[in-house]
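2 protein chains.
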Amino acid sequence: MDNRVALTACLIEAQALRFTPGGVSALSVLLEHESRQQEAGQERQVRAVVKAVAFGEVAERLARLPVGSVLTLQGFLATPRNGKHPVVHIQEYQHD
Amino acid sequence: MDNRVALTACLIEAQALRFTPGGVSALSVLLEHESRQQEAGQERQVRAVVKAVAFGEVAERLARLPVGSVLTLQGFLATPRNGKHPVVHIQEYQHD
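Protein sequence lines, in the order shown, are assigned to chains A and B.
Note that this note's numbering has the first sequence beginning at 117, numbered continuously upward.
Note that this note's numbering has the second sequence beginning at 117, numbered continuously upward.
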């Protein structure tokens, strides 16, 4: 069952590092992506503003990245239990 | 600039096929995905309910798929001009 996201985006917002009830570090961020993509045989400009979350060591590393940084992430989509819209879960990232 | 989504999901809702002002076929659907994913060193159950859209020939093909079908899609994330939350744009899909 595929559930993979690969995204290069700018870190535009980062909340404070927090801890889950189980004591795992967690970080919620907002990312902005712009690129050109192929769709229905045409190239079009694409913009995506994406809510993302990271946990554990990835969250701790990401928390040290300044706003404005560009990163390429690998992750998956998940809808929070108490939410309606899917969020990107960052499993790993590279800081460009 | 990466912007790739790969997702296996069940088609749970499909609006009527429509046409963009430019006369291109367009279809909005709702997809539901469930799987187990690795995060912060642990395996966890993941559920995602995802708004998706397709255009052109892909939209026309997808419109013939019955609700309840399982498909694996390749696409990208984009935030609609008049919207807040990113939608998955389906560039291609395979019907399982």
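FYI, nobody ran anything at the bench for these hints, they're computed from the structure.
Accuracy of the hints is not assured; some may be wrong.
As the list claims (entries may be wrong) - Chain B regions said to be covered by chain A (calculated; three or more residues, Cβ under 8 Å):
#1 120-129
#2 157-168
#3 178-185
#4 192-200
Beta carbons: idealized from backbone N, C-alpha and C, even for Gly.
Here's how the hints hold up against the structure:
For the region 120-129 of chain B, the stated coverage by chain A is satisfied: 5 residues place a CB nearer than 8 Å to a CB of that chain, which reaches the threshold of 3. A count of 6 residues in the region 157-168 of chain B with a Cβ less than 8 Å from any Cβ of chain A is obtained; the coverage claim is therefore met, three being the minimum. Coverage of the region 178-185 of chain B by chain A is violated [criterion: at least 3 residues with CB-CB distance below 8 Å; count 0]. Check on the region 192-200 of chain B: 5 of its residues sit with their Cβ under 8 Å from a Cβ of chain A, so the three-residue criterion for coverage holds.
The structure does not agree with numbered hint 3 stated previously, though it agrees with all others.
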